Amino acid sequence: MLEVDSLEKRYKTGDMALRGVSFTVAKGQVVGLIGPSGAGKSSLIRCINRLVEPTGGAIRLNGLDLTKLSGGNLRQARRRIGMIFQEYALVERLTVMENVLSGRLGYVPFWRSFFRRFPQADVDKAFQLLDRVGLQDHVDKRADALSGGQRQRVGIARALEQDPELLLVDEPTASLDPKTSRQIMRLICEVCRERDLPAIINIHDVVLAQMFVDRIIGLRAGAVVFDGPPTDLTDTVLTEIYGEEDWHAMRKTREEDAADESETKAFEAERLAELV
Amino acid sequence: MPIGPDAADKTWSKHTRRGEWMIWGGWFALAVVFVLSWQVMNERTIWAFVEDAPRQGADLLSRSWPPRWDYLGNLWQPLWDTLNMATLGTLLGTAMAVPLAFMAARNTSPSLLFLRPVALFIIVASRSINSLIWALLLVAIIGPGILAGIIAIALRSIGFVGKLLYESIEEIDETQVEAVRATGAGQLQLIDYAIVPQVLPAFVGMTIFRWDINIRESTILGLVGAGGIGLQLQGSLNTLAWSQVSVIFAVILLTVIVAEWVSSKVRRAII
Numbered sequence: 001m002l003e004v005d006s007l008e009k010r011y012k013t014g015d016m017a018l019r020g021v022s023f024t025v026a027k028g029q030v031v032g033l034i035g036p037s038g039a040g041k042s043s044l045i046r047c048i049n050r051l052v053e054p055t056g057g058a059i060r061l062n063g064l065d066l067t068k069l070s071g072g073n074l075r076q077a078r079r080r081i082g083m084i085f086q087e088y089a090l091v092e093r094l095t096v097m098e099n100v101l102s103g104r105l106g107y108v109p110f111w112r113s114f115f116r117r118f119p120q121a122d123v124d125k126a127f128q129l130l131d132r133v134g135l136q137d138h139v140d141k142r143a144d145a146l147s148g149g150q151r152q153r154v155g156i157a158r159a160l161e162q163d164p165e166l167l168l169v170d171e172p173t174a175s176l177d178p179k180t181s182r183q184i185m186r187l188i189c190e191v192c193r194e195r196d197l198p199a200i201i202n203i204h205d206v207v208l209a210q211m212f213v214d215r216i217i218g219l220r221a222g223a224v225v226f227d228g229p230p231t232d233l234t235d236t237v238l239t240e241i242y243g244e245e246d247w248h249a250m251r252k253t254r255e256e257d258a259a260d261e262s263e264t265k266a267f268e269a270e271r272l273a274e275l276v
Numbered sequence: 001m002p003i004g005p006d007a008a009d010k011t012w013s014k015h016t017r018r019g020e021w022m023i024w025g026g027w028f029a030l031a032v033v034f035v036l037s038w039q040v041m042n043e044r045t046i047w048a049f050v051e052d053a054p055r056q057g058a059d060l061l062s063r064s065w066p067p068r069w070d071y072l073g074n075l076w077q078p079l080w081d082t083l084n085m086a087t088l089g090t091l092l093g094t095a096m097a098v099p100l101a102f103m104a105a106r107n108t109s110p111s112l113l114f115l116r117p118v119a120l121f122i123i124v125a126s127r128s129i130n131s132l133i134w135a136l137l138l139v140a141i142i143g144p145g146i147l148a149g150i151i152a153i154a155l156r157s158i159g160f161v162g163k164l165l166y167e168s169i170e171e172i173d174e175t176q177v178e179a180v181r182a183t184g185a186g187q188l189q190l191i192d193y194a195i196v197p198q199v200l201p202a203f204v205g206m207t208i209f210r211w212d213i214n215i216r217e218s219t220i221l222g223l224v225g226a227g228g229i230g231l232q233l234q235g236s237l238n239t240l241a242w243s244q245v246s247v248i249f250a251v252i253l254l255t256v257i258v259a260e261w262v263s264s265k266v267r268r269a270i271i
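Residue numbers (the numbering used here), protein chains in the order written: chain A, 1 to 276; chain B, 1 to 271.
Bound-form chain A, shown alone (with noise of 0.2 Å):
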């Protein structure tokens, strides 16, 4: 169970980034973070794991208060916390294999991972993962060989491969199509089931968050101002969010855009058939 606890964040330019935000996670629970860019829910994700350093409250995951944790402790705690990214943020020059078993590294010593000497669990692990996200045939490609759905598998799989009991997702479908989108999503949501994983979910696009998540925190300039199910996400509590817009006309475009992007493939198949 991960607490957060009146987190405060402010950096060095004097912006409050997060004033007081509290809030529990279950076990299990999958939560989707809303709110307009620069509310503070990448500082908030980033406490949690001390990526950024809170100024002041306290998070305690399983009991254990976080922001009081330094040098070995602090990596000790980081290992039992996965992460996912908005643009993967994948080792691009290091085989997917390298990157899923680089999610062991807070667990093995130094020249084992030099010599990319993992325990043979660690590796049968992360087989296992790559099998789950569907990348059984990529083991030895280079991640920028990859699509960007398959590298957002392969920051999965580094992520389950530490063995965490929190997931921490920042943005997973800001660089992919609306497809994959939301097959990363189910994909996460899925994971975070079978394992009974908490997890917090940075996510711009509230359709696809009410879709999936089992909850949602409503963030508007470093302060919580919604949470609830995804059933209460009414008009107005999204006007009170990100301010005043029409939320149809806004979803109507979203299709439009769908649309556009379908039309734009097909124009591109048929230049390509051309060419050839």
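In short, the hints are calculated from the structure, not lab data.
Quick caveat, the model's predicted, so the values are computed rather than measured.
Just so you know, not all the hints are guaranteed correct.
Stated by the list, open to error - Covered stretches of chain B (chain A as the covering partner; in silico rule of three or more C-beta atoms under 8 Å from a C-beta of chain A):
(1) 167 to 180
(2) 208 to 218
As the list claims (entries may be wrong) - Each pair of labels, with its calculated beta carbon distance range:
(3) B:Met22 to A:Tyr11: 37 to 45 Å
(4) B:Met22 to A:Glu244: 48 to 56 Å
(5) B:Ile141 to A:Ala121: 53 to 61 Å
(6) A:Phe110 to B:Arg68: 56 to 64 Å
(7) B:Gly26 to A:Phe114: 54 to 62 Å
(8) B:Leu112 to A:Gly71: 16 to 24 Å
(9) A:Thr24 to B:Ala125: 53 to 61 Å
Glycine is no exception: its CB is placed at the ideal position from the N, C-alpha and C atoms.
Following the hints, complete the assembly by docking chain B onto the known chain A.
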């Protein structure tokens, strides 16, 4: 404001009136500098020698021709020394440059206030002194021979490799580092998994390029007594054995061409 004021009949020119004057002023200043430099050059030149130059040049060429090809036999050993000097110097220099580069790069330096300035100073100091001058100093300190040459090459290479490497470390994609840090990796694992893969192609490229440069530089280090083929060159120049000098030039040229070919092949194979 290059667009003219009359709204009905808009004019356009790339520069303003002031800008045009500045450009003409710049050309005028260049002409003045040229004339002044010409004067300085005339003062220090003994024109009798210059008038003589074509005849002297032709004389030198005729003495160098035909090259004394049987002198080649004396050159293989010094040439081998030269190649070793360049290669060992590059390896030694690179080995010292790598830790310095990690100390000098803003994003990996263990201490920005102390170690980073020290590392940057060493890199600048190494770069500001030519290999030939390093060799002069080292021949005075550790005596003539190939060891002085190796160390001279190494000391000059530290700055070159160190500077290029620390710049490419500073340019890496930080999100990859963040992702590896989030797994709970230690500092060394972070370097091994997130930073080395990103800078490796650039590092290999710059090391091979430096080796290529070092082959050329090591051919002249012998002039100051640091061993290699330059020593032969100096001997031949001192005894006015121009037909031997031409053989040495031919060997150096050939070596440099081969080195260039090898380095371009290796670079293409690795990157």
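To see whether the hints hold, each was checked on the structure:
1. 167 to 180: holds (count 6)
2. 208 to 218: With 0 residues closer than 8 Å to chain A, the stretch 208 to 218 of chain B misses the three-residue bar; violated.
3. B:Met22 to A:Tyr11: 37 to 45 Å: 44 Å, holds
4. B:Met22 to A:Glu244: 48 to 56 Å: Once the Cβ atoms are compared, 52 Å apart, the range 48 to 56 Å for A:Glu244 and B:Met22 holds.
5. B:Ile141 to A:Ala121: 53 to 61 Å: 56 Å, holds
6. A:Phe110 to B:Arg68: 56 to 64 Å: 59 Å, holds
7. B:Gly26 to A:Phe114: 54 to 62 Å: 57 Å, holds
8. B:Leu112 to A:Gly71: 16 to 24 Å: Hint holds: Cβ distance 19 Å, inside 16 to 24 Å.
9. A:Thr24 to B:Ala125: 53 to 61 Å: 57 Å, holds
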